[in-house]
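K.L.:
First to last, the protein sequences are chains U and A.
Numbers in our numbering are just positions in the first sequence, counted from 1, shifted up by 5.
Numbers in our numbering are just positions in the second sequence, counted from 1, shifted up by 5.
If you're looking for bench data, these hints aren't it; they were derived computationally from the structure.
We put the CB at the ideal spot given by N, CA and C, even for glycine.
It is possible that some hints are incorrect.
Partial list, computed: chain U residues near chain A (C-beta under 7 Å) [to be verified]:
#	residue
1	Arg102
2	Arg116
3	Tyr121
4	Ala137
5	Pro266
6	Thr282
Computed list of lysine-lysine pairs in DSS-like fashion (alpha-carbon distance at most 27 Å, straight line) [claimed, not checked]:
#	chain 1	residue 1	chain 2	residue 2
7	A	Lys126	A	Lys226
8	U	Lys126	U	Lys226
9	A	Lys243	U	Lys126
10	A	Lys54	A	Lys243
11	U	Lys243	A	Lys126
12	U	Lys126	A	Lys126
13	A	Lys84	A	Lys54
14	U	Lys126	A	Lys226
15	U	Lys243	U	Lys219
16	A	Lys219	A	Lys194
17	A	Lys126	U	Lys226
18	U	Lys174	U	Lys194
Protein chains: 2
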Amino acid sequence: MSLLLCLGDIDPVNWRKAFKAALPDHVDVVTRDDADFDPSAVRYMYVWKPAADAFDGLDNLEVIFSLGAGVDPIVAHPKLPRNVPLSRFVDEDLTTRMTDYVVAQVTLHQRQTTYYMALQKAREWVQYYPPAANECRVGIMGLGALGADAAEKLVGLGFTVLGWSRNHKDLPGVESFAGPGQLDAFLSKTDILVCLLPLTEDTRGMLDYELFTKLRRDGLKTGPVVVNAARGGHLIEKDLVRALEDGTLGAASLDVFEVEPLPGDSPLWAIENCLITPHIAAISSVHRGVRFVVDGIARHEAGEPLENLVDLDVGY
Amino acid sequence: MSLLLCLGDIDPVNWRKAFKAALPDHVDVVTRDDADFDPSAVRYMYVWKPAADAFDGLDNLEVIFSLGAGVDPIVAHPKLPRNVPLSRFVDEDLTTRMTDYVVAQVTLHQRQTTYYMALQKAREWVQYYPPAANECRVGIMGLGALGADAAEKLVGLGFTVLGWSRNHKDLPGVESFAGPGQLDAFLSKTDILVCLLPLTEDTRGMLDYELFTKLRRDGLKTGPVVVNAARGGHLIEKDLVRALEDGTLGAASLDVFEVEPLPGDSPLWAIENCLITPHIAAISSVHRGVRFVVDGIARHEAGEPLENLVDLDVGY
Numbered sequence: 006m007s008l009l010l011c012l013g014d015i016d017p018v019n020w021r022k023a024f025k026a027a028l029p030d031h032v033d034v035v036t037r038d039d040a041d042f043d044p045s046a047v048r049y050m051y052v053w054k055p056a057a058d059a060f061d062g063l064d065n066l067e068v069i070f071s072l073g074a075g076v077d078p079i080v081a082h083p084k085l086p087r088n089v090p091l092s093r094f095v096d097e098d099l100t101t102r103m104t105d106y107v108v109a110q111v112t113l114h115q116r117q118t119t120y121y122m123a124l125q126k127a128r129e130w131v132q133y134y135p136p137a138a139n140e141c142r143v144g145i146m147g148l149g150a151l152g153a154d155a156a157e158k159l160v161g162l163g164f165t166v167l168g169w170s171r172n173h174k175d176l177p178g179v180e181s182f183a184g185p186g187q188l189d190a191f192l193s194k195t196d197i198l199v200c201l202l203p204l205t206e207d208t209r210g211m212l213d214y215e216l217f218t219k220l221r222r223d224g225l226k227t228g229p230v231v232v233n234a235a236r237g238g239h240l241i242e243k244d245l246v247r248a249l250e251d252g253t254l255g256a257a258s259l260d261v262f263e264v265e266p267l268p269g270d271s272p273l274w275a276i277e278n279c280l281i282t283p284h285i286a287a288i289s290s291v292h293r294g295v296r297f298v299v300d301g302i303a304r305h306e307a308g309e310p311l312e313n314l315v316d317l318d319v320g321y
Numbered sequence: 006m007s008l009l010l011c012l013g014d015i016d017p018v019n020w021r022k023a024f025k026a027a028l029p030d031h032v033d034v035v036t037r038d039d040a041d042f043d044p045s046a047v048r049y050m051y052v053w054k055p056a057a058d059a060f061d062g063l064d065n066l067e068v069i070f071s072l073g074a075g076v077d078p079i080v081a082h083p084k085l086p087r088n089v090p091l092s093r094f095v096d097e098d099l100t101t102r103m104t105d106y107v108v109a110q111v112t113l114h115q116r117q118t119t120y121y122m123a124l125q126k127a128r129e130w131v132q133y134y135p136p137a138a139n140e141c142r143v144g145i146m147g148l149g150a151l152g153a154d155a156a157e158k159l160v161g162l163g164f165t166v167l168g169w170s171r172n173h174k175d176l177p178g179v180e181s182f183a184g185p186g187q188l189d190a191f192l193s194k195t196d197i198l199v200c201l202l203p204l205t206e207d208t209r210g211m212l213d214y215e216l217f218t219k220l221r222r223d224g225l226k227t228g229p230v231v232v233n234a235a236r237g238g239h240l241i242e243k244d245l246v247r248a249l250e251d252g253t254l255g256a257a258s259l260d261v262f263e264v265e266p267l268p269g270d271s272p273l274w275a276i277e278n279c280l281i282t283p284h285i286a287a288i289s290s291v292h293r294g295v296r297f298v299v300d301g302i303a304r305h306e307a308g309e310p311l312e313n314l315v316d317l318d319v320g321y
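Using the sequences and the hints, build the whole thing.
P.N.:
See below:
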């Protein structure tokens, strides 16, 4: 039997080596490019951005493991075998790296860094004092493992933290809002909006111009800020460009985009109060990813329940 | 008897109003510009950057209160009456604002933000993954109220935190180094250096080219980083410019300068990996400053000890 690596644009060389060293002897590690690839021998699959033929011929597949915490490209795949359990990688290391990104962007915008960068460019000395953390409200959309950890760290730094999610969540120090009915109330209290939502049919394109107009306007000198560390599909990029240009938004940080790599002619590159990073907020390390799959296979073979099973109907 | 406001370049109007409302009836609030100013009536003084004549004729002065936590301009004044107790403002609000600044700069540099800003300008998509907080070492020079609070918050975010101070300090999760003999060992383990030292004869000009060469070189992709939130006098600016130009340093954040406002022709303005803010890291609020002085006067009149007394021989 075998574990099929299906890693999209990620080079599988290091992963293959690490899996070979860690898997039990009765499980081979294979890719579709192998000369002797036998789809019927595949029992397990490790997936990142599946290609069109990713699931073809896998008649004996028992478990799909997702390399990322976001499973939207897998759930949306038309040939996904929906009767096979899908377990997603929710890893402490990935979570803390995402929180690192969120804390860095939130504190950067709380301190109004893009405002001072513009002053620096103009060689102007203007002693504006930014708000303290406790005078600044951070609204986190999505309170799963990533959102909850970011919220905890931001509460620890003294920020006023609000959360919005599908269902009400009870997190220490976080004012919780749930569902479409409480979205506007959540937005009206938010200075810095952080998107950590799963990408589903309900959340696709949520971050649009109308939503931006509902954020709190009298909090930050620059105006409200959007940080998107979830998926490019959450954000309507042309709406963000418009909102940054007309002052509806004061600044933004984007790690993910509608098309990746971000095309060279995107207007986003040139907007100085829109900080762009190339989808590097958090990465699944080879070491931890291998352990996740090897542990999952052992659990499965021992008849134990798998961790972080995806509900295909809700999409995460 | 009176409290003399001596606030340098700060407009005293709001302070005067707030003091009038808060002081007991037997203490007037005065400035040297008042038509009926009587130096012999002055018992208390509230000082920020004292002018040359600040202390002239104050023969009945009993306590000097410093508006800032840094008392170097007062201690260095040639006419300071050295037998009068000097109490400096160490305030929780000022401390948390300073920590806000430090956390924002440290996380910004840990996430290698100036590197991505350069990529963005060039419209380049390079998926470099920055180190996690626990892979990044922050060295704090100065472990007084400000340094200790910043260290605590950075430990909470998972950073490896080192501290250097005149005497050994015992802070949870912080590796402590003390005195000139342990400075090189401290620097060799530091990726991001944060200066929160008091400005004294021992610390003036400490941040020079030679010191920059001793920082850890294999930690951050950009190379080591310097954050100065203490006093402009700690840093030799031409050495910083040289170190940023030749790659000895990867980036810097400066809130304070040798001359303030920073002159329009300073080369610092144009260095894109040197983030400049106009001495706004932390401010003493009128409300808190007034409470500090009013409480101090009440303590003094009740014969109780004053808080945060400065030792003029060590300079803080």
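K.L.:
Would you mind marking each hint as holding or not holding in the structure?
P.N.:
Hints and how they fare:
1. Arg102: holds, 5 Å
2. Arg116: Status holds, d = 4 Å.
3. Tyr121: holds, 5 Å
4. Ala137: Hint on U/Ala137: holds, closest Cβ of chain A at ~5 Å, below 7 Å.
5. Pro266: holds, 4 Å
6. Thr282: holds, 5 Å
7. A/Lys126 with A/Lys226: Roughly 18 Å between the alpha carbons, so the hint for A/Lys126 and A/Lys226 holds.
8. U/Lys126 with U/Lys226: holds, 18 Å
9. A/Lys243 with U/Lys126: Given that 27 Å is the threshold and the Cα spacing comes to 20 Å, the pair holds.
10. A/Lys54 with A/Lys243: With a Cα-Cα distance of about 25 Å, the restraint between A/Lys54 and A/Lys243 holds, given a limit of 27 Å.
11. U/Lys243 with A/Lys126: holds, 20 Å
12. U/Lys126 with A/Lys126: holds, 14 Å
13. A/Lys84 with A/Lys54: Distance ~13 Å between A/Lys84 and A/Lys54 Cα, so the pair holds.
14. U/Lys126 with A/Lys226: Holds, because 25 Å separates the two Cα atoms, which is no more than 27 Å.
15. U/Lys243 with U/Lys219: Satisfied, since the Cα-Cα distance of roughly 17 Å is no more than 27 Å.
16. A/Lys219 with A/Lys194: Judged against 27 Å, a Cα distance of about 9 Å means the pair holds.
17. A/Lys126 with U/Lys226: Holds, at about 25 Å.
18. U/Lys174 with U/Lys194: Satisfied, since the Cα-Cα distance of roughly 18 Å is no more than 27 Å.
Violated hints for the displayed structure: none, as all numbered hints are satisfied.
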